[in-house]
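Peer 1: Sequence:
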Amino acid sequence: MSAPPVTRRVGVVGHSDYALLKETLARLASFAGREGVSLFYEPPLREHVGDGQELTADACHGLDLLLTLGGDGTLLRGARMVAREGIPVLGVNLGHLGFLTSAPRDEMEAGLSRWLAGEFSIDERLALLVHTETADGERGRDHLALNDAVLHKGGAARVIRLSMTATRDVVGSYSADGIILATPTGSTAYSLSAGGPIVSPTVDCIIATPICPHTLGVRPLILPADETVTVEVLSPTQELLLTIDGQESETLVPGQRVVVRRAPTPVRLVRFPGQTFFSTLRRKLKWGDLAERE
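If you read the sequence shown in our numbering, its first letter stands for residue 28, the second for the next number, and so on.
For each label pair, taking beta carbons as the anchor points, the in silico distance ranges come out as:
1. R309 / E151: 18 to 24 Å
2. R185 / G63: 57 to 63 Å
3. G89 / T278: 32 to 38 Å
4. R166 / D85: 25 to 31 Å
Since the hints were made in silico from the structure, they are not lab data.
Using N, Cα and C, we set each Cβ at its ideal position, and we do this for glycine too.
Please build the complete structure, drawing on both the sequences and the hints.
Peer 2: What follows is the structure in structure tokens.
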């Protein structure tokens, strides 16, 4: 007598502002019913489906997969929810760019079927563990960043004076609008817009990209991933913000510094055959010679 099929547990997070979300959730529920998949919805999505199991913190521990419905922002938010448990994330793009997602909306069922059949690979992405710290060593709460941690000014457009160290080695100080500490995954996000390099996600490193530095002698810097990077603000100001992946934020007060190190566990993204970083770069960001696009 054969063993009964194993029920797969899939968490679902999504961006409620997408017009096609409700239709996509209906398709997902139909697919799950046919394939014996158990769905767990984050609370805002349960309003769209009417019922279903809730994606609580305890439910996250037992998931086989987290499905994100939206764009890169939704994927980043979902990835932070489950990264510590090592749960793989499959992003379905309901938006425009969707650089980190693995399937367009009309291929959601096909992507899930391939996942159920084991026809996928796991792309492990370095993440950052970020916290603030006072001069006397009082530590703030931990943040997990898949893309970047950004220390920047709020309010008036004035430069700030920064000092950066890597582990115990002083890197230097400079004036700028702020600094982006990015992962290779985040190298194609805000860091790229600020003049930082594109870095393959297979390279373990931390990218320090100054925002509008007030000197020609300061350029983006690539540091080994095992360094602990500390940024201290030398200018007295009340208008400093630490922003994580463009979503979480924390206000800094004078005397605080930002400490960034490699997170103990990577973020695990589901990828299907033929999906590579460079193919995505060419397709999504139009990387390459113009003749190749004609």
